Every structure is written in C-alpha cells, then in structure tokens.
Amino acid sequence: MSAAVIAVRRLRNWSAVLGGLLVALVVLMTLLSFVWTPYDPTFVNANAALVGMGHGGHLLGTDAYGRDTFSQLLVGARVTLLAGIIAVGISAVVGVPAGILAGMRARWLGEVIMRCSDIVFAFPALLLAILLAAGFGASTWTAMVAIGISTVPIIARLARAATLQVMATEYVLAARAAGRNGWWIARRHVLPNIAPVLIVQASVAFGLAILAEAALAYLGLSTQPPTPSWGRMLHDGQGYLFSAPRLSIWPGIAIALAVLGFNLLGDGLRDLLDPRQRDRR
Amino acid sequence: MITDLGRRLGFLVLTLAVASIVIFVLCAWLPGDPATTLLGTQATPAAVKQLQHQLGTDRPITTQYVSWVGGLLRGDFGTSYITKLNVWPQIESRLGVTGSLVLVGMVFAVLIAVPVGIFTAVRNRTVSGVAVSGLTQIGLAIPAFWVGILLSFFFAVKLDVLPPGGYVSFRVDPLEWIRHLILPGVSLALVQGAVLSRYVRSAVLEVMREDYIRTARAGGATFTGALLRHGLRNASIPVVTVLGVQLATLLIGAIVIESVFTMPGLGLMLLQGVGNRDLVLVEGTVMVLVGAVLILNFLVDLLYIALDPRLRRSR
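If you're matching them up, the sequences are chains A and B in order.
So for the first sequence, the numbering used here puts the first residue at 1; every next one is plus one.
So for the second sequence, the numbering used here puts the first residue at 282; every next one is plus one.
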C-alpha cells in the first residue's frame with residue numbers, strides 16, 4: 001500500500017468527521033433557535049432596514065424589512081432539518097418495507113412493486129411539488145411530501161438489491177430449513193444486514209432533500225412567509241443584489257454547508273461500513 | 282431485441298397514462314369545482330349550474346378525464362378559466378426559450394465534465410486528483426439557483442458585461458441570444474457538470490484497467506496516447522447514456538433557472554400559473570414537461586441498447 005493510498009484513505013475518514021461536524025452545526029443552530037435568537041426573526045423594523053454587517057448589534061445585518069439576518073438563519077435551520085427528516089422519513093417508512101418485500105418475494109409481487117417504483121421514479125420531484133402546490137396551495141408540507149415520495153424509489157431499489165444479497169446467504173437458508181417464517185427472517189437477518197447501506201443512503205438523501213426544499217422555497221412553493229427559510233431568504237434578497245449582496249450570500253452558504261455535511265457524512269460512512277467500495281470510486 | 286423494445290414501449294405508455302391520471306386528479310378533480318371558485322360565494326345556484334355546463338364540469342369525472350386526454354392527443358390543451366386564453370399556443374411560444382436554455386446548459390456541462398472527469402481519473406491517487414474530487418463535492422452541494430444569483434451579481438451587477446436576465450430570440454439577434462444564455466446556461470451546467478464528471482471519471486477509470494490499454498502500452502504507445510486512442514471511445518458509452526438522462530434533469534432544472542433570470546420560458550409560465558391558480562395552464566404544462574422527460578428516458582434506453590450489444594440479449 002503506497003503512501004498516497006493511505007493518504008486518500010485518511011481523507012475519506014476525514015470526510016466523515018468533517019461531514020459530522022457540519023451536520024452537528026445545523027442541529028445546534030436549530031436547537032439554539034428554540035431557546036435564543038439575537039432578535040425576533042420576524043420582527044419588522046423600518047428604522048433598521050438594510051443595516052450593514054456588525055452595525056447596530058446586527059451580526060450579519062438586516063434585510064429590507066429590518067429583520068435580523070442572523071436570527072433568520074438560525075430559525076431557518078429548523079425548516080431545513082425538518083425537510084430532511086420528513087422527506088427521508090416518508091421514503092424510509094414506505095421504501096424500506098416495499099424494498100424488502102420485493103427482495104423476499106422476488107416473483108410477481110416483487111416485480112409489481114418495482115414497476116410501481118419505476119413509475120414514481122420517472123416523475124420529476126419538482127413537477128410533483130408544483131402539482132401539489134397548485135392543487136392544495138403551497139406549504140412546507142406539500143414540498144416535503146413531494147420530496148419524500150420522490151425519494152421512495154431510490155430507497156426501495158437499494159433495499160431490494162441488498163435484500164436479494166442477504167436472501168442468497170447460507171444463514172437464511174438455514175433459518176428457512178429450521179422452519180422460520182418470512183417475517184422472522186426479515187426482522188432477524190435482513191433488516192440488520194441491510195441497515196448500514198440504508199443509513200448511508202439516508203444521509204445522501206437528506207442532503208438532496210435539503211437542496212430540493214431550498215429550491216422549492218426559492219420558487220415560493222414551500223414554506224410561506226413570514227416563517228424564515230434559507231431558500232426564501234435568497235428569493236427576498238435577490239432584489240437587493242446591488243445595495244445588499246450579503247442577503248444573497250449567507251443563506252446560500254448555509255444551504256451549501258448543510259448539504260455538503262450530509263453528503264460527506266454519507267461518503268465517509270460508506271467507506272467505514274463497506275470496505276469493498278473503498279477502492280472502486 | 283424486439284420484445285425488449287416492446288416492453289420498454291409498453292412501460293412508456295403505462296407511465297404516461299399514470300402521469301396523466303395523477304396530473305388530472307391533482308389539477309382538475311381535487312381542487313373542486315372551478316365554476317364555484319370563479320363566481321364566488323354570492324353566485325346563484327342557477328348561474329353556477331350554467332357556468333358548469335359551459336365549462337363541461339357538470340359531466341362525470343371520468344368523461345372529463347377522457348375528453349381531456351383526447352384533447353391532448355389532438356393538440357388541444359384546453360382554455361384557461363382565468364385568462365380565457367388557449368393553453369397550447371402559450372406553451373408552444375415558450376418552447377424555444379426553454380429549449381435553448383437546456384441545449385446551452387448541456388453543452389456547458391460537457392465542456393466542464395469531460396476535462397475534469399479525465400483529469401481526476403488519471404490523477405486518481407494523487408493530491409490534485411483528491412482536490413478536484415473535493416471541488417466536485419462542493420459542486421454537488423451548491424444549489425444551482427444560488428450559483429445563478431452569484432453569477433448575476435458578479436457578471437451583471439458588478440462587472441456589467443452580461444445581461445442580468447431576460448431573453449432574445451435567436452432569429453432576432455444571434456449574438457444577444459447567446460449573451461442572454463451564458464449566465465443561465467453556466468448556472469444550469471455547473472451542478473450537472475459536477476455530476477457528469479463523476480461518471481466520466483469512473484468510466485475512464487474502468488477503461489484504464491482494460492487489457493487493450495496495456496497492449497497498446499506494450500506496443501510503445503504512451504499512456505495518454507493509449508487512453509486517447511482506445512480508451513475514450515469505450516468510456517463514452519456509459520457517459521452518453523448518462524448525458525441523455527441528464528437532458529431530462531436539465532429540463533427540470535431549467536424551470537428553476539428561468540425564474541432566477543426571469544426568462545420567459547415554460548418554467549416561468551408554469552410558476553406564474555401556480556401563483557394565479559390557473560389550473561388548466563398548470564395541468565397542460567406539467568403534462569408536456571412530464572411527457573418530454575419520459576420520452577427522453579425512453580430514447581436513452583433505446584440508445585443504450587443500440588450502443589451496447591451485450592444488453593440486447595441479457596435482459
């Protein structure tokens with residue numbers, strides 16, 4: 001093993017650590033926002049409109065309505081985390097059982113499940129979100145449900161592939177020979193063995209969900225004002241690119257770091273949990 | 282191969298049918314009766330009834346669905362309740378804007394991904410390779426619309442060399458056309474380019490291990506020479522198919538980018554439709570976009586079969 005290979009491997013572990021730190025930062029921001037923000041994030045103050053960074057006690061300045069940017073960023077972290085949790089939650093609750101079932105009953109039932117999943121997969125998430133917003137009115141929930149449904153096929157496919165691998169092992173054969181039923185095998189053998197792969201994918205899906213929610217919020221198809229969200233802040237700030245470009249900088253950095261955190265965490269976990277993948281990428 | 286083709290065609294038709302039902306249910310059925318919404322709470326039952334009859338919403342829901350789909354097949358997308366305008370001409374007039382954006386985005390994505398992908402593959406184990414991999418990681422984490430905002434800040438607001446938004450048709454002025462497409466095209470392409478570069482990288486890594494590269498090297502070719510001469514053509518097969526799938530992704534991404542640069546394309550129209558609750562317009566536009574995505578994916582499948590003979594029998 002050359003020194004370069006070892007260096008790359010160290011970097012991979014680094015990516016898990018760095019990703020973990022970034023994710024922890026978002027979680028901390030969210031928790032902090034429940035107990036303390038420098039100002040009320042929705043408080044409109046015409047006298048303090050577009051205050052620069054560090055002036056008048058506003059660490060990152062204020063927007064055109066005099067709302068404190070730093071406070072808005074802290075509270076905006078809530079929507080970001082919630083978006084990921086709901087979307088990944090929906091995709092896990094539906095996708096994992098569907099995938100395991102498709103993997104264990106590989107004949108017609110599995111085929112039907114996977115074709116359904118292909119159909120959902122073919123439908124773009126953004127268009128689903130637009131349809132839900134048109135039908136029910138845009139809200140954080142329509143956005144999250146759309147993202148969640150769109151993530152289901154990815155999780156289901158992965159769960160099925162991993163289940164098929166487990167079902168081919170000798171310990172499953174032994175369990176069957178011992179007369180164990182499918183439910184017992186699924187709980188005892190399949191789920192624990194496919195969990196690592198799913199955890200990795202969940203982390204990546206979390207990052208994608210954050211990106212998608214930010215785009216929807218930017219388009220006005222997710223969280224509605226006055227509730228602060230990072231995507232919405234970018235939308236509101238765009239009108240002041242000339243006078244206050246910082247309004248278009250900070251929320252973007254926040255989104256990018258959050259997504260980077262979950263992606264790096266996923267990549268790092270993959271290398272830690274599945275050594276076979278290490279040299280392949 | 283014929284049965285394979287038939288299966289894929291069958292899947293395309295099935296997905297289109299399911300998509301049309303989902304779109305119809307969410308736009309025409311769930312939101313309730315348009316006549317009541319249009320006339321407001323003060324309307325007399327007789328007036329509501331008359332308008333329902335006029336709009337055709339007094340018919341059974343299945344009849345309404347069938348007549349909507351029948352209209353789609355004839356190119357009749359219905360008339361908006363809000364603007365009273367025919368929907369298809371509006372869609373048609375904006376296809377050029379969205380099409381141009383997707384095309385330019387694709388070209389930029391390839392221009393970014395191919396050099397970056399090859400470079401990171403060849404320098405797989407060295408520090409510079411890791412650095413470029415890191416950059417693609419960052420590319421994957423940055424929202425495309427934010428890239429658009431930043432680009433318009435630097436190149437339109439600060440440097441004032443490119444227009445901050447809008448669109449000029451190619452037929453009116455080709456130079457202005459491309460000037461208006463550079464910033465939106467790059468914002469669309471950066472993220473897609475980052476994704477694509479990973480595929481280029483793994484495809485190149487794959488062919489680098491092949492025997493024919495070793496043989497070419499044994500025959501006296503340099504590593505770069507062998508890669509350029511024998512490797513790239515083989516590496517291009519998976520990349521071309523990914524490119525096709527990305528065309529669909531770019532089309533969806535264009536919806537967001539159009540609204541960053543206020544380009545009068547399908548995406549901007551669609552979002553305005555959602556804002557005005559113009560459900561007939563949303564219904565038709567989403568159907569066109571979904572149809573385009575599904576047909577693109579179908580064509581990619583066909584291309585994949587055509588390019589890689591091994592797939593013809595095995596599936």
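Everything labelled a hint here was simulated from the structure, so no lab data went into it.
Honestly, I wouldn't trust all of these hints.
Claimed, not checked - Some chain B residues close to chain A (C-beta under 10 angstroms, calculated; not the full set):
| id | residue |
| --- | --- |
| 1 | T296 |
| 2 | A300 |
| 3 | L311 |
| 4 | F400 |
| 5 | L431 |
| 6 | L443 |
| 7 | G447 |
| 8 | A502 |
| 9 | T503 |
| 10 | T505 |
| 11 | G506 |
| 12 | I536 |
| 13 | L551 |
| 14 | T566 |
| 15 | L583 |
Here the structure is a predicted model, which means the values were calculated and not measured.
Glycine included, C-beta positions come from ideal geometry on N, C-alpha and C.
Hints versus structure:
Nearest Cβ of chain A to the Cβ of T296 of chain B: about 5 angstroms, under the 10 angstroms cut. The hint holds. The interface hint given for A300 of chain B holds, since its Cβ lies 6 angstroms from the closest Cβ of chain A, which is under the 10 angstroms cut-off. Residue-level restraint check for L311 of chain B holds (minimum Cβ-Cβ distance to chain A is 5 angstroms; threshold 10 angstroms). About 16 angstroms separates the beta-carbon of F400 of chain B from the nearest beta-carbon of chain A, more than 10 angstroms, and the hint is not met.
Annotation: interface hint on L431 of chain B holds; nearest CB of chain A at approximately 7 angstroms, less than 10 angstroms. Residue-level restraint check for L443 of chain B is violated (minimum Cβ-Cβ distance to chain A is 14 angstroms; threshold 10 angstroms). The closest approach between the C-beta of G447 of chain B and any C-beta of chain A is roughly 15 angstroms, which is over the 10 angstroms cut-off, so the hint fails. For A502 of chain B, the interface hint is violated, since its Cβ never comes within 10 angstroms of a Cβ in chain A; the closest pair sits about 25 angstroms apart.
Of the supplied interface hints, the one on T503 of chain B is violated, with its beta-carbon coming no nearer than about 22 angstroms to a beta-carbon of chain A, more than 10 angstroms. The criterion of a C-beta within 10 angstroms of any C-beta in chain A is not met by T505 of chain B, whose closest approach is roughly 20 angstroms, and the hint is violated. With a least beta-carbon distance of about 24 angstroms to chain A, the hint placing G506 of chain B at the interface is violated under the 10 angstroms criterion. The criterion of a C-beta within 10 angstroms of any C-beta in chain A is met by I536 of chain B, whose closest approach is roughly 6 angstroms, and the hint holds.
The interface hint given for L551 of chain B holds, since its Cβ lies 6 angstroms from the closest Cβ of chain A, which is under the 10 angstroms cut-off. For T566 of chain B, the shortest C-beta to C-beta distance to chain A is roughly 9 angstroms, which falls under 10 angstroms, so the interface hint holds. Annotation: L583 of chain B was flagged as interfacial toward chain A, and the flag is violated, the nearest CB pair being 15 angstroms apart, outside 10 angstroms.
Checked against the numbered hints above, the structure violates hints 4, 6, 7, 8, 9, 10, 11 and 15; every other hint is satisfied.
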